[in-house]
Each structure stands twice: as structure tokens, then as C-alpha cells.
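The primary structure of each chain is shown beneath.
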Amino acid sequence: MKEKLKELRERAIAQIEAAQDPEKLNEIRVAFLGKKGELKNIMKGMKDLSPEERPQFGQMVNDAREAIEKRIEEVGRAAEKRLMEKRLAAETIDVTLPGKRTQAGHLHPNSIALRELEKIFIGMGYEVVDGPEIEYDYYNFEALNIPDNHPAKDEQDTFYINDKILLRTQTSSVQIRMMEQGHLPIRMIAPGRVFRSDEVDATHSPSFHQVEGLVIDKGLTLADLKGTLDTFAKELFGEETKVKFRPHHFPFTEPSAEMDVSCFKCGGKGCRFCKGEGWIEILGCGMVHPHVLEMAGIDPKEYSGFAFGIGLERIALLKYEIDDMRLLYENDIRFLKQF
Amino acid sequence: MVASYKWIQSYVPGLDADAETFRNAMTLSGSKVEGFEKLDADLDKIVIGQIKKIEKHPDADKLVVCQVDIGDEVVQIVTGATNVFEGAKLPVVLAGGRVAGSHDGTMVEGGIKIKKGKLRGVESDGMMCSIEELGSTRDYYPAAAEDGIYILPENAPIGESAITYLGRDDVVFEFEITSNRVDCYSVLGIAREAAATFGKEFCMPQVKEAGDSRDVDQYIKVTVKDEELCPRFTARVVKNVKIAPSPAWMQHRLASHGIRPINNIVDITNYVMEEFGQPMHAYDMDTIAGNEIVVRRAQEGETFVTLDGQERKLDETMLMICDGEKPIGLAGIMGGENSMITDDVHTMLFEAACFNGTNVRLSSKKVGLRTDASSKFEKGLDPNLAIEAINRACELVEELGCGEVVDGVVDVHTPLPGGHEIPFDPDGINGLLGIDISEEEMIEYLHRVELEVDRERRLVIAPSWRQDMLREADVAEEVARFYGYDKIPMTLPSGEATAGKLSYPRSVERLVREAAEIAGFSEAMTYSFESPKVFDRLLLPADSPLREAITIANPLGEDYSIMRTISLNGMLTSLGTNYSHRNKAVRLFEAANIYIPKALPLTELPDERMQITFGMYGCGDFFNMKGVLEDVFTRCGVKNRRTYDPTEKKPFFHPGRQADVFVGDQKVAYLGEVHPLVAQDYGIKTRAYIAVIDLPALMPFVTFDKKYAGLAKFPAVNRDLSMVVPKEVSAGQIETVFLQRGGKILESIELFDIYEGEQIEAGFKSMAYKLVFRAPDRTLEENDITAALKKIMNGLEGLGIELRS
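Line by line, the protein sequences give chains A and B. Residue numbering for the first sequence follows the numbering used here, beginning at 1 and increasing consecutively. Residue numbering for the second sequence follows the numbering used here, beginning at 1 and increasing consecutively.
The hints are simulated quantities; they were obtained by calculation from the structure and are not laboratory data. One thing to keep in mind: the hints can contain errors.
Listed next, the stretches of chain B that the computed footprint assigns to chain A, with coverage defined by at least 3 CB atoms under 8 Å from CB atoms of chain A [unchecked claim]: (1) 74-80; (2) 124-136; (3) 472-486; (4) 494-500; (5) 545-559; (6) 604-616; (7) 781-795.
To give an idea of the interface, some chain B residues facing chain A are shown, with a C-beta separation under 7 Å as derived from the structure [claimed, not checked]: (8) Gly30; (9) Ala156; (10) Ser179; (11) Gly434; (12) Ile437; (13) Met490; (14) Ser574; (15) Thr577; (16) Asn578; (17) Tyr595.
Quick caveat: nothing in here was measured; it's all calculated off a predicted structure. Using N, Cα and C, we set each Cβ at its ideal position, and we do this for glycine too.
Using the sequences and the hints, build the whole thing.
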């Protein structure tokens, strides 16, 4: 009987080794280990053994069972692995075929530029606020030190609704509204639409966007204005950007300046982009005029402030090298998708 | 404002910076140089030569061979010019030199290089030049020959540079002068700034005064009837006038400023206008009736012919210069044809006046005539300038020998502005600028521009031409300009910290934009103003309140004349543009205001309502658009149930495919398929969809609060309801029944099938919903479900709905 068991064990192992796939292995498992399998069959002969031999033989049967099971499992795992490798090989794809993309929309270049500005100024503690686009003459001009018949009023080519109401020509009007609220100190930027009666062409639009900035606090200086705008320029155009402040005139700031940044295309050497100048004019700024503070109910002896105005389209056109302003208002999807 | 560098340098003797240095320094001190032109950029090796001998060319009838003395040698030049003669002095460009253009006036960038060569076999070592080849025209060099070589005066120095001799060795700078610096619209004003910028001495021309003699009164009497519009009027008389060309030096300076030399008297008025910034006018005394000048307002409807021959219609706001009988000039704008100086003038009258800037500006606008003079007057000139200018002009008359100046001046004026005083506070200036410089240093800067400082009285005294100097901040700017903006340090504000943030409406707008972006919509921007025809294009009825739009008084044209009351036109136009550009699938959105007046005509500011407008074609249907709205609402934390009401028929939408969107009773949005007639009108030849969110209406339902609800611990029970529904019953009605009757245990509903067709009786449709029931605190039992379903079924039966067997 022991011989028979040994032969059975060897035959089973041999068959397992020869088997290639899990199905065959399962057949082998049934044939040898199943309820009516050979091992069960051989067990039937136990009753013919002496009581002393029985435990020993039982142990041998168990050993054989374990050996067969272990081998089936091992060979089975290898077979499965082979099968999987075969399947995976068959599933090989051409990875250079085009990707399938989600069709998210694209923000307008103006909005992208504005997001950048907002991020920079919010980081410096500014609140982003709004004011009306149809505005009283008072907020757009008079309170900004531009009384009736001031030449600057004519220069701005204003759209009027009537004597007192107009389409704002500058977001500076929001300065006055914020100052009037009287919550000091103020750190704000006010982005928004402004309107001037310019005919449409590659560099002009009767409707465009400005971002106004205003800071009112005790002891603010022109040096603070320079430092703030220098930080802004470096954040927006890169760490190596240089700024240049040129004296200028705005009725609502004194002293006033225009700020140039070193050309971010050529780094200041002069190129087609900066028309060989090496510098690009980017914004107007200055210390809030004491008369403007007074009109808004702020004592210029106690508080000072600075303000700046940035043309959003100008930033967008420069940053994205858009050569025709009309593209911004045409809304061709092929244009918008590039941003 | 343009200014010749040589002219500037004549008042600032020590100024020797090159053009580029000058430009940068002036810009940094506040006189922005827009650009400059070197008049001799394309001229090289051009000298004055004299023709010694002219011989015929052996092989060409139309050429001659000239021996030209150029000082240290004689060169041979072959020319085809016909106006040359032996002894003539002329500009000669030597071999290796350059000229600016060709004889016919065509300018060549970089100039034309002149080489040694042979003309029909005869050697030619250079070229004799016409004025065109020197880069100008006879308009500016009237002495130059017409169609020939420029024959120079007999006293021209042989061998010297012809470029210098003709004043072409100059640089013309173009300045951007800001409106507060009227004084810089003059060569003297610029020269004063240049001297201050470079720390050099400024030498004002010394002008001979008119003297106290009243001889002039025998010639002219001046009456100013409106002193407000004419604070000063000065007049002087020149007799025995001899009209002739002005000298070369004056012609060259005028030419460099783009002013054509005419004759000595006209040139003097132009010269003084450039030099002092004070416009002047010259009248022929013989045309002045009654030896009298009266300055008065025009009469309504009066007409007047200006010296350009145009008849101008006047009104009583305009100021006229009149003689004893009639108007002879439109004050500050242009003189009259009737008093124009002609070549046979004997006695003439110079006028230098100061007119109210605003009045000149408005009058100039009304008559549609802007002149060099009016553009100077409208900035508001210093009345003190008039007397200096008229005396300067008379001095030049004597210097140029063009007449006898009658002693004395007629000077009618209101009290003249003197120097004005501003407190001097060095600490305040340092404080405002963020610097720390000494009082002495500040005073030095201020002196450069003739701002005197009275240290005892702590005052800055500004001269009358600096009417922009009013307050300490103005003084601070002067200090900063000459200290150098670039030397002011860069610091950051040190005040209390503030929290940077978006305003609440902007935060909401950003959420909506994000939702739009995720849903595949790209952002459009369109104009806020549009044509009133838009309402017809949108098929709005005549009595639609949307037609109550704000009108712009001075629009760019009718197409941009009203402020939009509805956002559709911009979107439809953009979709149409895309369609015509053959873009197949387009999804756009715009976030912009509409302007709803509270009353018309406008007396208070309108309601500006932010509209989020979505538009699309070629990529989805009504339900895609509805889904976008739902995505937006979800993203904005709108928890309230939305209802879609198809009853209000908007004419621009498909009558059966549109809805108003409500949250409770509040209309927050609308959407629909664009009516085919409207789509066609905008050039969209396919189905297009629009949705508009009225952001202010949605705002109260928006919340940024998020709260964790706990994941379900107990099992859900699903029930599918398959129903036969009368066709006119909407899904919204059925869902309302579910929500009202399903109780708290109804967790969700989902429509999974809708069918109309063969197996369904006509007038009915088949709909199938999956209802999910769940309780948060227990496992539901069969009777919970049965009870809920029973209530639901009762409700559905009321709508004529039966369960399918």
C-alpha cells in the first residue's frame, strides 16, 4: 500500500508538472484529491492495515495530499502568471495615438491678466472692490481735482449720458467712493470697464479695462509707492525686472509719475517689442493729491496715500503678444482657446 | 511740442550733452521726450564749394564738367543741372559722403552714398546738391532754387560745412508736455527745464522795453469790453514796414520746428510764438477802421471770414477782435481775411493778448477750427507773457530792419498775477517723499526753476508762469524731480496689516466663472453699448420694458448709442462671428453688466446688474445648457430647489424650448433655444442655446458654507416606478409630487427612461423613475416604503398617471 501511495504521489506530481493551464490543474485536483479521487480511494484500504500501521499510513496520506496541493498551487500560480502576461502582451496599445481631453473652457486673456494682478495685490493685503460703470461726473472728474472746463476733462473724450452722469473714463472714480466710506486705512484695487470715445482700431477701443489701486494710511511716502510697484512688477514680469519712474502729471496725484518696466522680452537691450527702447510704459501713479483727500473728508495732515492705474488690455496685449486689440472683443473661439 | 536743440542751447550756453543723454535726462526730470530727429542723420561730407570753371562735356549735350573749389582743393564734378554758373557757391557732397534723398524729393532711409565715378567717361568726384537732396524742401528753404542746385549766398564761406551753414546740424526733440506746464510749450520754457536738469546757467534773452512814450496812442486806441475773457491786450505799431524775407538764421529755426518761412513780419510773430509760447497777430493798420480796436463778444448769428477764407458762424459766447466798424479777428483762434498783412503794408499793428483759455477752447471747438494759437491759449497763458513777447517782436523788427517801431505800448489789463507764496516745509517734503535731504539741498533744486525760498518766512515764492504751483505737494514734486525720482528709495508701507480678499460679489462671480470654465465655456467680452436696433433683432414687442434703455448723448455712432438692457446681442453676435469663421462647436460665456434705469431721462445712477450669459451651438442641446445652469447653482452652494417655468414666452427663444428659472418665487435665470429667425438674423445657421443668470438675483441663495452630513449607515431601498403619463404632464410636476409626498425617507429620485411611441396609447408617454428611500437612523421596513409609495401614487393619480402593469 505504501508503494501504491508513493506511486500515486509521483504520478500526480508528474501530471501537475506537465499541466499548462489552470483548467487541467483543476482536473488533476479532482482526479487525485476529490471526493471520489484516487487519494480517497487508497484511504479505503486503511481498514486492512494493522492498528499500529494506520497512523503512520495516515500521516503519509496527509503528506502526499499536502505535497500535491502545494504543487498544484505553485504550478497554477505560474500558469496564471503566464496567461496574464500573454493577455497583457495582446493588449499593447499605440501610446502615440492622441490623448482624450476634457473640454474645459478658457478664460479671456484680460481675465487671466486680472487674476495675476489680483493674486499679487491680495497677497499684499489689498481688497478687490467695484464701483459703478455709469457714474456721476462728480466721482469721475470733480472729486479727482478735475473741475469743469479743466483741459484734462476734454482730453479724455468722455461719453456723456447728460450733464451730471457719464460713462466712467477711469476706475479712479472708485478711489473717491472708497475714501468717502471712511474706513481707514485703505488698501484696494478696483478693476473694471472704462469708456472713452476712441474709434476702434488695432490699438484703440471705446471700451477697455483699468485696474485702479489706492492705499491710504498714516505716513505713506513716495518711496512706499515705488517699493510697492517694484514688487508688483517683479511678481508680474519676473524677478529680474527693473522699474523706472518718470515724473508726470495727473490732476489727482502730486507728485505724479509714470512707471516703465524693463522690456520682459529682451531684458532691456531693445527689441521690436519695446520699439528698441528697452523700456515699456506700464502705468501711471502718484501720491494722492491733498485736495482730493480733503474733498473726500480725509485730513491730509494726518493721512497720506498713493494711487496707481493700470491698463489691463495693455498688460494682456504685452504679456501674450497680441498685436490687435480688436481680437479681444471678437471672441473667436480659436483665439480664446490659446489662453 | 517740438524744440530745436540748437535753439535750446542758445539760452543754455553750457549745455553740451549728446542727443541721447539729453533725451534721457529730460525725461527723468519730467519733460518727457517722445523722440528726436537728427536733421543731418543722413548727411555726410557736404561742404560749400564755388564753381571756378564750367566746360562742356565732350560726349554728352546735357552734361557739363565743373571745377569746384572746396577750400583746400579743387574737385571735378559732372552735373546735368541747368542753373549752375561760374562763381556760384553751392553745397557739394564729396565722394564718400551721403545725401538724404534724391533730387525728386524721395527720401531714402540711411541716405544715399555718393561714390567717385565717371559720367559718360568723365571723372566726377562728388555731387552738387539741391535742397531735396539735403533732406528738406523749398517750403522751408525758400531761397533754394526751384528744380536745381541750391545756389548759396555770395558770402557763404568756401570749404565750411554746408550742413552747418544751412542749420541742418540740429536735433529736433519732440516733448510730451503735460497740461499743468503751459510754460513749457515754448523753447524758453524747455530751455529753463534743460538748464535746471543739467545744473547749467539759463540765459533769458534780454528784451528792450517799450518805453513810456505815448506816441503809439496817435495810432491806436484799445477798448476791452469783456475783461474776463481778455485779461490783457497789448498792442504796438510799426511804421514804414519793409516786407522782405527774414534772415537765414530765423528761417532755419522756424524750419526746424516745421514752420514755413513767409516774410520777415509773419516770421517774427511765429518766431516769438515758438520762443515765448505767446501767440501774436499782425494787422495792416490801413484796414483798421477808426484807428480803434474793440474786444467784445460776438453777436448771436454773426458771421466772419477767417484768413483761411472760411466763413464762420458765431454766437455770443465767442470773443471777437473788432475795429471801429467790424470784426477783424476771432480772438485767440484766427485773424480775419479783411485785416490780413499783404506785401504792400505800410503801417502794421502787433497784438499780443491773453485770452481766457476755457473760452478759447470752447469757441475753437464750436467753430471747428484749432490753430497753433488756439492750442496755446486754451491752456491758459500767463498774462505777463504778452508784454515780453510784444517787446521781443518789436526788438526783432528793429534788428531785422523791417520797419520803425513806434515808441510806447498800448497795454489794457486786469490786475496781473505776481509771484505766489506756498508754505515751505522741508520736513513735510522729506516725509512725503520718503527721503532725508537738507533744507539747503532742497533750496538749490527749487532755485534751478526760479522758485525762490524765503527762509525767514518759511515760504516758497513761485513765479507767475508757474500757475501749477499751489501747495506743498507741488513743491515736493519739484524737489523730487531734481533730486531724481530714481534716487528715491523703494520701501514697503509699514502700516497695520490688512487682509487681502475679493469682495463678496467678486468671490461669487469667480465661482460662476469656474463652473463655466469646467463646463467647457470660454470667456467672451463684448461692448456695453449697442444699437437700438437690437430690440427689433431680438423680436421684442414695441412695449417691451427692455426698450427703456439709457442713451449716450455723444455716441460713436448709432450702433454704439444705448447701454444694453439685455445681454443677448453681444453673445449672439459673437456666436455669429464664430459661425461665419466656420468654427464647428462653440461654447462661450460672458460676465458683464446690463444697465437698467430707474427712470428716464436718467436722474440717478441705474441698476447695474451682472449677467452671466452662456451661449453655444454645435455641442449640445437645451438639456446640456440646463445642466450647465445646475452645475453653476451647485458650485455656488444654492441648496434651494430650482423650478423651470416655460410659461413666459420670450420672443427671441423657441416658443416650446425655453424656461425661466426660479428659486422659490425669485427668478434667477432664463434659458432657451434661440428662435430660428433670431439665429438666422445673427448668421447662426444651426440650433443655438442661450442661458442667462441674473447674478444679483441669485446672490441671496449663494452660500460658501459646507457641512458634512455623515455617510449613510443603513441600507437604501430602491423602487422603480414605471408609469403611463398624460403627455401634457411635465417631469417637473411629477417630481413635485415625489418631493411633497415621499417624506423624509425619500433620499433621491432619478428619471431613467422616457418613451413615446407604438406601445403607448396616443396622448400618453411612458416614464420610469428610480426612487431611493433611506433613513439615517434605522433600517427601513416594508411598511415604511408601502406607506410612502401609497401617498405618492395618490398624488400621481391626481395627475392622471397610472402605473404600467
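Hint-by-hint comparison with the structure:
no.	hint	verdict
1	74-80	violated (count 0)
2	124-136	violated (count 0)
3	472-486	holds (count 9)
4	494-500	holds (count 7)
5	545-559	holds (count 7)
6	604-616	holds (count 3)
7	781-795	violated (count 0)
8	Gly30	3 Å, holds
9	Ala156	38 Å, violated
10	Ser179	5 Å, holds
11	Gly434	3 Å, holds
12	Ile437	13 Å, violated
13	Met490	4 Å, holds
14	Ser574	4 Å, holds
15	Thr577	6 Å, holds
16	Asn578	5 Å, holds
17	Tyr595	6 Å, holds
Taken one by one, the earlier hints fail for this structure at numbers 1, 2, 7, 9 and 12, listed in ascending order.
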